[in-house]
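*Asks:* Quick one: dock chain against chain with the hints and give me the complex.
Sequence lines, in order, name chains A and B. Residues in the first sequence are numbered consecutively from 0, following numbering that gives the first Met the number 0. Residues in the second sequence are numbered consecutively from 0, following numbering that gives the first Met the number 0.
What the hints contain is simulated information worked out from the structure, not anything from laboratory work. Just so you know, these numbers come straight off a predicted model, no measurement behind them. A couple of the hints might just be wrong.
What the hints assert, rightly or not - Between beta-carbon pairs, the in silico distance windows are:
(1) 107/B with 270/A: 52 to 58 Å
(2) 120/B with 9/A: 54 to 60 Å
(3) 387/B with 252/A: 27 to 33 Å
(4) 342/B with 135/A: 49 to 55 Å
(5) 173/B with 270/A: 54 to 60 Å
(6) 348/B with 17/A: 57 to 63 Å
Beta carbons: idealized from backbone N, C-alpha and C, even for Gly.
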Amino acid sequence: MKRQILAGNFLASPWIVTFLAFWLFPLFYSFFLGFTDFRLMRPDYNWVGWENYINLFRDKAFIEALINTFIFVIGTIPFTTVIALILALLVEKKIPGQALFRSGYFVPSITSMVVIALVFTNLYSRDGYLFLLAKMLGMHPPENGFLLSSKTALLSIMAMDIWMSVGYYMLIFLAGLKAIPEELYEAASVAGASGRQKFLHITLPLLNPVTVFVIVINSIKSFQVFTEIYVMTKGKYGTSSAVYFIYESGLNRFEFGYASAAAYLLFVIIAIFSILQLGLMQRKHY
Amino acid sequence: MKSISISFAILALLLLLQCGGGKTDGVVIEWWQFWTDPAIKPTIEKMIADYEAANPGVKINITDLTWANGHEKIVIAFSSGTAPDIVELGSDWIWEFASTGQIAPITDEVVKDTSLFHGWTPATLDSQIYAFPWILGTRVLFVNNALSTRAGLKDKYVPANWEQMKLLCYKIDSLGEDIYGFGANAAEKHTLYKKFLPFYWSTGGRIISEDGKYAVISSDRCYQALKFYKELSDSCGMIDTQRRLEDAFLAGKVGVIISGDWLLKRIKRGNINIDFVTSLIPGPEYPGKSFVGGEYLAVSSKSPHQREAIRFIKYLTSKENQILFCKTNYSANPSHKEAALDPFFKDDPNLMTFVSQLRLSEFPPPDPQWVYIEDIIETMLEEILFKNAPMVETLYEARNKIQKLIDSK
Numbered sequence: 000m001k002r003q004i005l006a007g008n009f010l011a012s013p014w015i016v017t018f019l020a021f022w023l024f025p026l027f028y029s030f031f032l033g034f035t036d037f038r039l040m041r042p043d044y045n046w047v048g049w050e051n052y053i054n055l056f057r058d059k060a061f062i063e064a065l066i067n068t069f070i071f072v073i074g075t076i077p078f079t080t081v082i083a084l085i086l087a088l089l090v091e092k093k094i095p096g097q098a099l100f101r102s103g104y105f106v107p108s109i110t111s112m113v114v115i116a117l118v119f120t121n122l123y124s125r126d127g128y129l130f131l132l133a134k135m136l137g138m139h140p141p142e143n144g145f146l147l148s149s150k151t152a153l154l155s156i157m158a159m160d161i162w163m164s165v166g167y168y169m170l171i172f173l174a175g176l177k178a179i180p181e182e183l184y185e186a187a188s189v190a191g192a193s194g195r196q197k198f199l200h201i202t203l204p205l206l207n208p209v210t211v212f213v214i215v216i217n218s219i220k221s222f223q224v225f226t227e228i229y230v231m232t233k234g235k236y237g238t239s240s241a242v243y244f245i246y247e248s249g250l251n252r253f254e255f256g257y258a259s260a261a262a263y264l265l266f267v268i269i270a271i272f273s274i275l276q277l278g279l280m281q282r283k284h285y
Numbered sequence: 000m001k002s003i004s005i006s007f008a009i010l011a012l013l014l015l016l017q018c019g020g021g022k023t024d025g026v027v028i029e030w031w032q033f034w035t036d037p038a039i040k041p042t043i044e045k046m047i048a049d050y051e052a053a054n055p056g057v058k059i060n061i062t063d064l065t066w067a068n069g070h071e072k073i074v075i076a077f078s079s080g081t082a083p084d085i086v087e088l089g090s091d092w093i094w095e096f097a098s099t100g101q102i103a104p105i106t107d108e109v110v111k112d113t114s115l116f117h118g119w120t121p122a123t124l125d126s127q128i129y130a131f132p133w134i135l136g137t138r139v140l141f142v143n144n145a146l147s148t149r150a151g152l153k154d155k156y157v158p159a160n161w162e163q164m165k166l167l168c169y170k171i172d173s174l175g176e177d178i179y180g181f182g183a184n185a186a187e188k189h190t191l192y193k194k195f196l197p198f199y200w201s202t203g204g205r206i207i208s209e210d211g212k213y214a215v216i217s218s219d220r221c222y223q224a225l226k227f228y229k230e231l232s233d234s235c236g237m238i239d240t241q242r243r244l245e246d247a248f249l250a251g252k253v254g255v256i257i258s259g260d261w262l263l264k265r266i267k268r269g270n271i272n273i274d275f276v277t278s279l280i281p282g283p284e285y286p287g288k289s290f291v292g293g294e295y296l297a298v299s300s301k302s303p304h305q306r307e308a309i310r311f312i313k314y315l316t317s318k319e320n321q322i323l324f325c326k327t328n329y330s331a332n333p334s335h336k337e338a339a340l341d342p343f344f345k346d347d348p349n350l351m352t353f354v355s356q357l358r359l360s361e362f363p364p365p366d367p368q369w370v371y372i373e374d375i376i377e378t379m380l381e382e383i384l385f386k387n388a389p390m391v392e393t394l395y396e397a398r399n400k401i402q403k404l405i406d407s408k
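Looking at chain B on its own, in the form it has when it is part of the complex (with noise of 0.2 Å):
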């Protein structure tokens, strides 16, 4: 009995502990973000504690998320009603939380700031804006220059148009049984549309009508792009997963890939000898467009410090922070228009080059069926790509399923 007694006041203490405990003076915003790179960890907890230093009575409690399971954690936390003030979310989710209501519009506080930044495009659904851009990520293309050169081309060489990327890959693909001309994605969820896509946006294609009522996936223009995206993977091109493809570019088996700044930051941090330039992806005839996606920082409905997280925000997101960001990760696209012509980005050609895509990418159409739309795109290049299916049909089918899910909204 006596030992009963001791458990129930131990756990009567811990009660009471639990209820006295975490009660702060002054505002007190919970802030969810996937940045765990020990490089770049600090720099965001210098942030903080400069801001509260500024702003006495705030505090930033930050929780780390991965990329692997953060996007079911975020949903988890808002369904429960346990969502931070603040959350960091990729591009293509924040349709999917706005249009459920889950997090709060900003119009009113962001729309003077608009013409700063890059990228509202899916930061906005039905005129409101749901979230700030922060960090923005672009892909171009990179070619191995020892290999192109050694395949008879002049130094420095880089395509500007899909006849010139053809005559590379070929050329390079020639040297040699072990090496490829082209890096071509195999069938990786998340990864393979947006290596394909560029080249159909590069024909001035859309997925989805401007009135965003039509599926018009099945043109001419998509047919297009699809023949020479199959001809590239199918005649010289080594078929891999993105990081495996990175490794055998960085090892000087394959010529031309498409990557975003991780690769540039990866052969930097590794001191990697590689001869290698970058360039923007190439169009039909002239420099075309690349996929783009990135972070933005979104206030939950339900936080009760809404003005705070937004001031905030602003912020980490300010020119200043953003070049210190981008300086410290080695980081290409900061949201931030002046920020890009900071002298750290100016003065490195392949951050220019990056810098010089942002301008010349696109983000997906907003849609909160997003999800269901690059399922069926990806199931579709997969089928053309991998299991020769007639393209024509193909397209149809996709253009159809696509149809069917703008019908049911």
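Just chain A, same shape as in the assembly (with noise of 0.2 Å):
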């Protein structure tokens, strides 16, 4: 048994190796980072207490960054869990090439985010398609593409990420649709329920763990916004994202120290809006 055990932690340790120190070590070292000055290159650093934490909150590009996070998480998830439902509804339905509908909704969540930003930085531009196809219709689009303009650098880039996210949300909803069981809608059908109510009084409630895991998981992704925003704007045109101003702190200017204060503030803010999240939604179970 003893050398059972002894084989057993032999073939894990590579793993527990890489846990600890790739994973567990980094996790508690920046916490202590982010209570000291440290850059890197700079071999002597200061204990600074809070004074990162209160820095940042005097920081107009951090708050602004945080702002336009908030924007991001608030103006995607409600648009890309409506529409990864309704995609999931349609493509539950046994319609002629249904397996291509879902295949094709589902494509662009494997494709490579870099790709797909360089892809959408073209479509934006003053002679991108999609900037034609606003002034096709009448609209009147930034005169130098939809990325260089403050109104609409950040609302555009929202718009890619909702494109991007619905086809893994409409699976996971769909999954969730393929559990209830067939037979309450046999037994409200019975009942002279119409299309409508069964979606209300079946199909909805009973989907609530599945929006609530949609809703906490697309949360999570959306406050770490960053390769889109990297790839588009680096930051520019009112873009700046909580995770981007990270990077720029951390591997830009290597202020380490500080930039481990913002990772732990943005980490205390997710678990707040999560716990949240599980507060509100997770109060009727079925």
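*Replies:* In structure tokens, the structure reads:
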């Protein structure tokens, strides 16, 4: 038995070492760094207590990045959730080409974000198709393209993100829909319930745990929005996000202490947001 | 149990191999560099092979970096004590590494060579030289000759001052709705300020006073330069990213842009059919100044082979090798002054524009805090150019921020 335990530990050791070295240690070390003025390449650093956290709240760039992140989260999640649910309901029906639609909607979520961001950068530019389409429809897109205007840059990135994410959440909703017992719908039909009533009183309530899951997961992901901003605007035109701010502070200016404090602040915000969402949405269990 | 024993045996063997491997007689110099383009890489490899053949016992190990994350890798390598012997640095990174003692002062070894090379400003901190200038890069004015002649200007017209530049841009801009006079940069990081500063420097303006004690950007000269640049940008400018401006210039949609020798290379390699001329960046009355940056070679202060590393750097930056490099890469700005006299440059009017502009170019002020100062200048430009913030107040705000940085040293 002892030999088996030893062998098990030996075989698991690469993962354990990786976990300790690259996950657990950085997690605690960055928490410690958040209370110092540590900068890469400078061997001396001082304990500054809460100074980094206080400075973050005085830092216009961080506050702007945080506001943008909240706009991104609040602006994308309702749309992503509702569209994903509608798509799940549509592709659940047995229609010709059902598999094609399912795969079609899912493909963007398995495509590299960098690739999608580059494609959309072109689509949003002054000679891009989306720009020209907007013009053809009589709209007045910003003169230099959607991404080079503070009024439209963040909204454009949000729209792209919704387009990219819905397929993934559609699949989760689809799994949720499949788990609802068919008998409930049959019983409702016998009782004379309309399609709308079935949706409101069977589908939606029974999908509640899935909806909570989708919203929480999507919120966490949206709070960490980075790649698309890095590729499309580099945080310019009012698009800087909290994670982009952390990247700039940490990997551009190498202010690891300050960046660590910002990262932990974001962690606390995400935790509070997730707990609130879980609390609000899991009141009813079916 | 048997399988565990085998696993241990393999692990032990691997460790033994690791310990025994990598042992080489002589000197091994690790060199990190950014030239990964297949057009130039074989030339660099050939230079290394020639050097190794001429110096038995010396081996040069080359590692490629990319501009996307090379800076991060270098910083992490220096921080973790795993930096290479020689590292290629962008001109605006040198102060950061020099001020923290990561790269070695090489003054004694290179002081005799200083008169032969351009570009010592960013390599010098507190009277010590920390890096060797290799290939520099300035920016010049590109004018679409087909558009300017269509606009009624004489063939090969180039503006010599701001008034002429304004006239040229306005005339081209009035050719049609899809044609713009001037390619104005959008709020693109590390780019926008490089396009504005030449106009400011052309007025004789400075960002920091000569003694390094005061921020002096909120001057009347800066106001004049901003007014001129904003006027061009607002009234006849296509505002876009550098790459897209260059695309538009090559497509005949923009008359005048500021760009570097990479655009010449693109035109040449792509066999792009475009009638264009290059000229010095105009100043208020006479040809003005431009922005210059470049590639530098520095030696890690922890390198055990500093002397050998400097020898190799001197070989790489020699006149012959710089000419060879520039010919292969179609680069316009060798740091070696004599290399620039080669017929390769003299016979090509566009390359000569770059060679001439280099003498009229400035580096950003040598300051370890430049990364923050750059950020402040870019924010100021974004506020004024794209958000129509009041110029005077925004200039003062930027000055105060830079002064705060200077005072905090």
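*Asks:* Each hint needs a verdict: does it hold in this structure or not?
*Replies:* Now the hints, each set against the structure:
Checked against the hint of 52 to 58 Å, the C-beta distance between residue 107/B and residue 270/A comes to roughly 56 Å, which is consistent with it. The beta-carbon spacing between residue 120/B and residue 9/A, approximately 58 Å, falls within the hinted interval of 54 to 60 Å. In this structure, residue 387/B and residue 252/A meet the distance hint of 27 to 33 Å, their C-beta atoms being roughly 29 Å apart. A C-beta distance of roughly 54 Å is found between residue 342/B and residue 135/A, which places it inside the suggested range of 49 to 55 Å.
As the Cβ distance of residue 173/B to residue 270/A is approximately 59 Å, the hint placing it in 54 to 60 Å holds. Taking 57 to 63 Å as the suggested C-beta distance range, the pair residue 348/B and residue 17/A conforms, at roughly 59 Å.
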